[in-house]
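Just so it is clear: in the sequence shown, position 358 is 763 by the working numbering, and no numbers are missing.
It cannot be assumed that every hint is accurate.
[Claimed, not checked] Straight-line C-alpha distance at most 16 angstroms; calculated EDC-like pairs for lysine to aspartate or glutamate:
{"#": "1", "residue 1": "Lys1176", "residue 2": "Asp1198"}
{"#": "2", "residue 1": "Lys1291", "residue 2": "Glu540"}
{"#": "3", "residue 1": "Lys519", "residue 2": "Asp492"}
{"#": "4", "residue 1": "Lys538", "residue 2": "Asp1344"}
{"#": "5", "residue 1": "Lys1176", "residue 2": "Asp1232"}
{"#": "6", "residue 1": "Lys538", "residue 2": "Asp1245"}
{"#": "7", "residue 1": "Lys746", "residue 2": "Glu759"}
{"#": "8", "residue 1": "Lys590", "residue 2": "Glu540"}
{"#": "9", "residue 1": "Lys1176", "residue 2": "Glu1142"}
{"#": "10", "residue 1": "Lys880", "residue 2": "Glu956"}
{"#": "11", "residue 1": "Lys928", "residue 2": "Asp971"}
{"#": "12", "residue 1": "Lys622", "residue 2": "Asp1344"}
{"#": "13", "residue 1": "Lys622", "residue 2": "Glu729"}
{"#": "14", "residue 1": "Lys519", "residue 2": "Glu546"}
{"#": "15", "residue 1": "Lys714", "residue 2": "Asp687"}
{"#": "16", "residue 1": "Lys1027", "residue 2": "Glu998"}
{"#": "17", "residue 1": "Lys880", "residue 2": "Asp962"}
{"#": "18", "residue 1": "Lys1027", "residue 2": "Asp971"}
{"#": "19", "residue 1": "Lys746", "residue 2": "Asp660"}
{"#": "20", "residue 1": "Lys739", "residue 2": "Asp789"}
{"#": "21", "residue 1": "Lys622", "residue 2": "Asp1232"}
{"#": "22", "residue 1": "Lys1058", "residue 2": "Glu991"}
{"#": "23", "residue 1": "Lys930", "residue 2": "Asp640"}
{"#": "24", "residue 1": "Lys538", "residue 2": "Glu1289"}
{"#": "25", "residue 1": "Lys1291", "residue 2": "Asp1232"}
{"#": "26", "residue 1": "Lys1176", "residue 2": "Asp1225"}
{"#": "27", "residue 1": "Lys928", "residue 2": "Asp945"}
{"#": "28", "residue 1": "Lys519", "residue 2": "Glu509"}
{"#": "29", "residue 1": "Lys622", "residue 2": "Glu540"}
{"#": "30", "residue 1": "Lys1027", "residue 2": "Glu984"}
{"#": "31", "residue 1": "Lys590", "residue 2": "Asp558"}
{"#": "32", "residue 1": "Lys920", "residue 2": "Glu956"}
{"#": "33", "residue 1": "Lys739", "residue 2": "Glu712"}
{"#": "34", "residue 1": "Lys746", "residue 2": "Glu719"}
{"#": "35", "residue 1": "Lys893", "residue 2": "Asp962"}
[To be verified] What follows is a list of derived Cβ distance ranges for each label pair:
{"#": "36", "residue 1": "Arg1181", "residue 2": "Arg496", "range": "32 to 38 angstroms"}
{"#": "37", "residue 1": "Ser1281", "residue 2": "Ile1197", "range": "42 to 48 angstroms"}
{"#": "38", "residue 1": "Arg875", "residue 2": "Trp1390", "range": "56 to 62 angstroms"}
{"#": "39", "residue 1": "Phe1258", "residue 2": "Ser1375", "range": "24 to 30 angstroms"}
Since the hints were derived computationally from the structure, they do not count as laboratory data. Predicted model, so just to flag it, every value in this text is computed and none were measured. Glycine included, every Cβ here is placed at the ideal spot set by N, Cα and C.
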Amino acid sequence: QPGFGVTRELSAVDDVEEGPYGLRFQDGMASVSMGDTEIKKRYASWLAALCAALSLTASPLPADDSPPPRPEYNLDIDLWPGASRADVTQRVTWTNPGTAPTSELVFQVVPNNKLSPEMIASGERTIESLRLKPEQCIDYEGRRFRLHGLQLDTQTDQETVTVLTGPSRLRAYWSRQHDTHLHVKLPAPVAPGETVSVHLRYSVYLPQVMGRLGQYKGVTNLLNWHPVLAVYRDDSWRPVPYVPWHQPWHNEAADYEVRLRTPAGFSTVTGGHVTARRQLNDGRLESDIRGTGQRDFTIITSQRFRELKGMAGETPVRIQFLPEHESHARVALKAAIDSIKLYTQWFGPYPYQEFELSESFFGWNGNESSGVVMIDSRIFALPDYAARYVEHLVSHEVCHQWWYSAVGTDGFHEPWMDEGLVTWFTRVRMEDRYGANPELLDLPGYGIFQFPNVDYYSLVHSGYSTLQARGGSGKVLQNLNEIGNLHKLFFLVYDRGARVTGMIQQRMGRENFFKFMRHVYQKYKFRILTAEAFFTELQDYTGEDWAPFIEQWLLGDGSTDWSVEDVNVDLTVSGYRTEARIRQNEQITESVEVGFTFADGSRRMTMVSDLQNTDGNAVIRKTSDNDWLVTVVSSSEPTQVTVDPRAILVDSKPANNSWATETTVRVSPVYTPADESDLLTPWEQPGIVGGFGVDGEGRIGFRATVLSGARYRISPFLSYTSATSGRNADYLSAGIEGTVFNFPSPNWQLRATYEAALLSTVANDPGQQAKFALRRVLSYTTSVIYPDLSYIDFYTRFGDNLFPDNDGNVPAPGVQSYGDVRAFGIDYHLDTQMPYWDPDRGLRVDANYEHGFHANGGNATYNRVSGQLGVVQRLSDMPGWLSETKLAARLSGGYGWSENGEHFRFGGPGRFRGRNALATEGNAFWLSSLEWRFPMSGDIDFEVLDNTAAFSRLDGALFYDVGRSYLMNSPQGQTDHAIGAGVYWQIPLLSFVDNLTIRTEYGYSMTNDTGVFWFGLYRAF
406 QPGFGVTREL SAVDDVEEGP YGLRFQDGMA SVSMGDTEIK KRYASWLAAL
456 CAALSLTASP LPADDSPPPR PEYNLDIDLW PGASRADVTQ RVTWTNPGTA
506 PTSELVFQVV PNNKLSPEMI ASGERTIESL RLKPEQCIDY EGRRFRLHGL
556 QLDTQTDQET VTVLTGPSRL RAYWSRQHDT HLHVKLPAPV APGETVSVHL
606 RYSVYLPQVM GRLGQYKGVT NLLNWHPVLA VYRDDSWRPV PYVPWHQPWH
656 NEAADYEVRL RTPAGFSTVT GGHVTARRQL NDGRLESDIR GTGQRDFTII
706 TSQRFRELKG MAGETPVRIQ FLPEHESHAR VALKAAIDSI KLYTQWFGPY
756 PYQEFELSES FFGWNGNESS GVVMIDSRIF ALPDYAARYV EHLVSHEVCH
806 QWWYSAVGTD GFHEPWMDEG LVTWFTRVRM EDRYGANPEL LDLPGYGIFQ
856 FPNVDYYSLV HSGYSTLQAR GGSGKVLQNL NEIGNLHKLF FLVYDRGARV
906 TGMIQQRMGR ENFFKFMRHV YQKYKFRILT AEAFFTELQD YTGEDWAPFI
956 EQWLLGDGST DWSVEDVNVD LTVSGYRTEA RIRQNEQITE SVEVGFTFAD
1006 GSRRMTMVSD LQNTDGNAVI RKTSDNDWLV TVVSSSEPTQ VTVDPRAILV
1056 DSKPANNSWA TETTVRVSPV YTPADESDLL TPWEQPGIVG GFGVDGEGRI
1106 GFRATVLSGA RYRISPFLSY TSATSGRNAD YLSAGIEGTV FNFPSPNWQL
1156 RATYEAALLS TVANDPGQQA KFALRRVLSY TTSVIYPDLS YIDFYTRFGD
1206 NLFPDNDGNV PAPGVQSYGD VRAFGIDYHL DTQMPYWDPD RGLRVDANYE
1256 HGFHANGGNA TYNRVSGQLG VVQRLSDMPG WLSETKLAAR LSGGYGWSEN
1306 GEHFRFGGPG RFRGRNALAT EGNAFWLSSL EWRFPMSGDI DFEVLDNTAA
1356 FSRLDGALFY DVGRSYLMNS PQGQTDHAIG AGVYWQIPLL SFVDNLTIRT
1406 EYGYSMTNDT GVFWFGLYRA F
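With these hints in hand, go ahead and build the complete structure from the sequences.
Here you go:
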């Protein structure tokens, strides 16, 4: 078909025909690849039926119902890592489980995908948020699958296989709508209960990228790589669209017999059990591998791997890792063993003969396959003090062996069915082991002197809280196309979805809930569990009506809001009588725990539902539609009362859940912007942090911050400000800045700054500046340090000077140097450059208009307008090393009136780099720059402080600036030309948490014979 790279080769071999857009209908139902509209119709009809009465039209599986025969895959594989290719002969045997014959087979072939421009654009931003460059992860070429032969097995020795009459060479076509769907026409229909076997001969070519399919730094990955039969239900094939940013897998459990040949010296993980190995005459290693009930067959291999082994009961556990990461490999081994033992107790036996975990290069943190877990190399490269996070991730991925692999799910239509469950089970495991809301970093500290840390609730719950605060919402039960992107999937499915699972546990009680999950596991092992079947089982198990719960929490996007309104404590003869008045303020009233903490360290929990009762721990009385009074008597005085103390509910305002405000106070040994990030501050809890270090503006000195998550931030400082791209002079200052987020409405910010220059490079007299702004954020950054990508600021400012520091230059006669400034203005910023720490494409736009006016002593009226456009583009089409270089250009200018005013500084690190910022001030300027950026090193990976930071790469640049400044609309000297060079260090923080670029530049003015060194963060434009 036009645009599909495999068509020519297919048609030459197998008479491939073109299908009618890949769409067929059988019994009124789309039987091959449904479009979004059809998917939504089917899904909506199912949801409507589910909510209507929850008698639920589909019954659970009968207890004695035996599963249909599993598909069988026989793979004969020659893997050539040096040639970046796998040559495969595959036999597939399938039995029709339906009630009507079918005349075709439908395969899902992920390597045949070619990303659309829209998917590439979305994927690039996603990869950037993972702190990787897009070209490291994205296969821009695609079409890595080549089918050489396709025929019917007519000479099988299996008695169960039906030998169809007709030609053995089969006709096939690719779906036009979904290029991963391969339709194979059979010469005759396969009747219900009959079995058919087909042979495929093909090659898979490996791109040089990290990810599911590719090679990176000597590691070869093949995940979801071979043709897999789509699920066959209700007499029709149900292939799912391929979504590269998550795991849309919907596969039947299958049995595998594999013969794999790899070069000598390679260590390989496959997921199946190796039954035999032999060395061939050509030196290669041949392995016979068997897998039972697997959803996929994975291969990860490298010459660099080392190995650790252990046992989880009777299950062998094997860890494959790179030699520089043995420390966390040992953490992973212990976590895997402990998790397998625990999940066996919770759900049932581990489903496979052995378990393997491999370090690899993925870009995202972890990935599960049947019998195999992959952990990204950057996770294993984390500092040793982050071992608890490694344990968290490994235990999450291991849990998928029960929920995804043994019990199959529909990862495209219902990602909650595995991710929502597994995320909750992982949290239960971590809290059982380390207590409620444990910290994930084992950092040294004494008293209030503590490094920033990550508490567990911030890790797993801050995403949905941020989505809510920014006015976002969404349902848990949606397909991946409806969710739209990876971050929203995390917010809705992993975060909200996990808490929905927790609410089910809270309603049932932990012991009963895990007993139910064990029942579900035993019943659906090697089957596929849908949300419909899950809630059918839940209703039958509990005898309760779960329809309102489903409608509110899975099909709706609402929340609850429990608050502690008032607490009264009286000392009586029986002890301390505590009355807590609690209220539910949102649209959904979900049962909630109320926790009491007492001065002697004891705690008491009670459950509040819509009924008034006495549960033995407390007397509970409903006083109005939304108010309850909870009374306890204790021998010790209460110190805290909290609703939802374990943060299970989807609560829109967790900050009002406690009676006494608990504020954390910390002095950071080295203060950085990370100290103020949501991830590294207590979840939904006010805190105070201070210390000596550097802030996000590049100021070096003392800073303290009063903050509360994503609600507000207030920071006084005493700092030295160096010249950066945003500051054009050096000075010592004191001040305070604050931000109220999502005020007065979502995605707006109220911002205020006051700063007094105590000592500058031009005068000892202080200059004072104050600015108040209302910001509308159009596009957020994912970085801890880098500013938001797009916004509009409406501001007013007051100051002793037009510029941030005191202006010691004496103006010429008739020239206005503005002081006592009173002004209002508007700023616009747009940044599409990516990746932000070292962009190789995109543009940056800045525009400003400001009006100065007379007020409260302000002594000037003026207007000024300025703008700058910067673009960068990698020279990808150039040969060799030149393809890694980039060209960047900029055009900037400004004009102010009255024309005798000094409105702009011409020089500086963000302007003309060959002049000092104070050298030239005028009412207008223009400036143009051309910059060639090039790599000066490969990957350095020099770690500092156990990889808390690392020098990963060194880049250089040669630049040319040209421009002119004007005063009173007359040129201030000749057009100035500057040449210069820069050196740029790329520094990952905590392996993958953020990326920083530190720049050092020298610019030389050829016109004025002056040179200036500049230091700062990121690039000048």
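The hints, checked one at a time:
no.: 1; hint: Lys1176 with Asp1198; in the structure: 11 angstroms, holds
no.: 2; hint: Lys1291 with Glu540; in the structure: 14 angstroms, holds
no.: 3; hint: Lys519 with Asp492; in the structure: 20 angstroms, violated
no.: 4; hint: Lys538 with Asp1344; in the structure: 13 angstroms, holds
no.: 5; hint: Lys1176 with Asp1232; in the structure: 13 angstroms, holds
no.: 6; hint: Lys538 with Asp1245; in the structure: 9 angstroms, holds
no.: 7; hint: Lys746 with Glu759; in the structure: 13 angstroms, holds
no.: 8; hint: Lys590 with Glu540; in the structure: 38 angstroms, violated
no.: 9; hint: Lys1176 with Glu1142; in the structure: 9 angstroms, holds
no.: 10; hint: Lys880 with Glu956; in the structure: 10 angstroms, holds
no.: 11; hint: Lys928 with Asp971; in the structure: 48 angstroms, violated
no.: 12; hint: Lys622 with Asp1344; in the structure: 11 angstroms, holds
no.: 13; hint: Lys622 with Glu729; in the structure: 13 angstroms, holds
no.: 14; hint: Lys519 with Glu546; in the structure: 7 angstroms, holds
no.: 15; hint: Lys714 with Asp687; in the structure: 29 angstroms, violated
no.: 16; hint: Lys1027 with Glu998; in the structure: 15 angstroms, holds
no.: 17; hint: Lys880 with Asp962; in the structure: 5 angstroms, holds
no.: 18; hint: Lys1027 with Asp971; in the structure: 15 angstroms, holds
no.: 19; hint: Lys746 with Asp660; in the structure: 25 angstroms, violated
no.: 20; hint: Lys739 with Asp789; in the structure: 15 angstroms, holds
no.: 21; hint: Lys622 with Asp1232; in the structure: 44 angstroms, violated
no.: 22; hint: Lys1058 with Glu991; in the structure: 10 angstroms, holds
no.: 23; hint: Lys930 with Asp640; in the structure: 22 angstroms, violated
no.: 24; hint: Lys538 with Glu1289; in the structure: 12 angstroms, holds
no.: 25; hint: Lys1291 with Asp1232; in the structure: 28 angstroms, violated
no.: 26; hint: Lys1176 with Asp1225; in the structure: 13 angstroms, holds
no.: 27; hint: Lys928 with Asp945; in the structure: 14 angstroms, holds
no.: 28; hint: Lys519 with Glu509; in the structure: 24 angstroms, violated
no.: 29; hint: Lys622 with Glu540; in the structure: 14 angstroms, holds
no.: 30; hint: Lys1027 with Glu984; in the structure: 13 angstroms, holds
no.: 31; hint: Lys590 with Asp558; in the structure: 14 angstroms, holds
no.: 32; hint: Lys920 with Glu956; in the structure: 24 angstroms, violated
no.: 33; hint: Lys739 with Glu712; in the structure: 14 angstroms, holds
no.: 34; hint: Lys746 with Glu719; in the structure: 10 angstroms, holds
no.: 35; hint: Lys893 with Asp962; in the structure: 13 angstroms, holds
no.: 36; hint: Arg1181 with Arg496: 32 to 38 angstroms; in the structure: 60 angstroms, violated
no.: 37; hint: Ser1281 with Ile1197: 42 to 48 angstroms; in the structure: 33 angstroms, violated
no.: 38; hint: Arg875 with Trp1390: 56 to 62 angstroms; in the structure: 33 angstroms, violated
no.: 39; hint: Phe1258 with Ser1375: 24 to 30 angstroms; in the structure: 26 angstroms, holds
Hint compliance for this structure: hints 3, 8, 11, 15, 19, 21, 23, 25, 28, 32, 36, 37, 38 are not met, and every other hint is.
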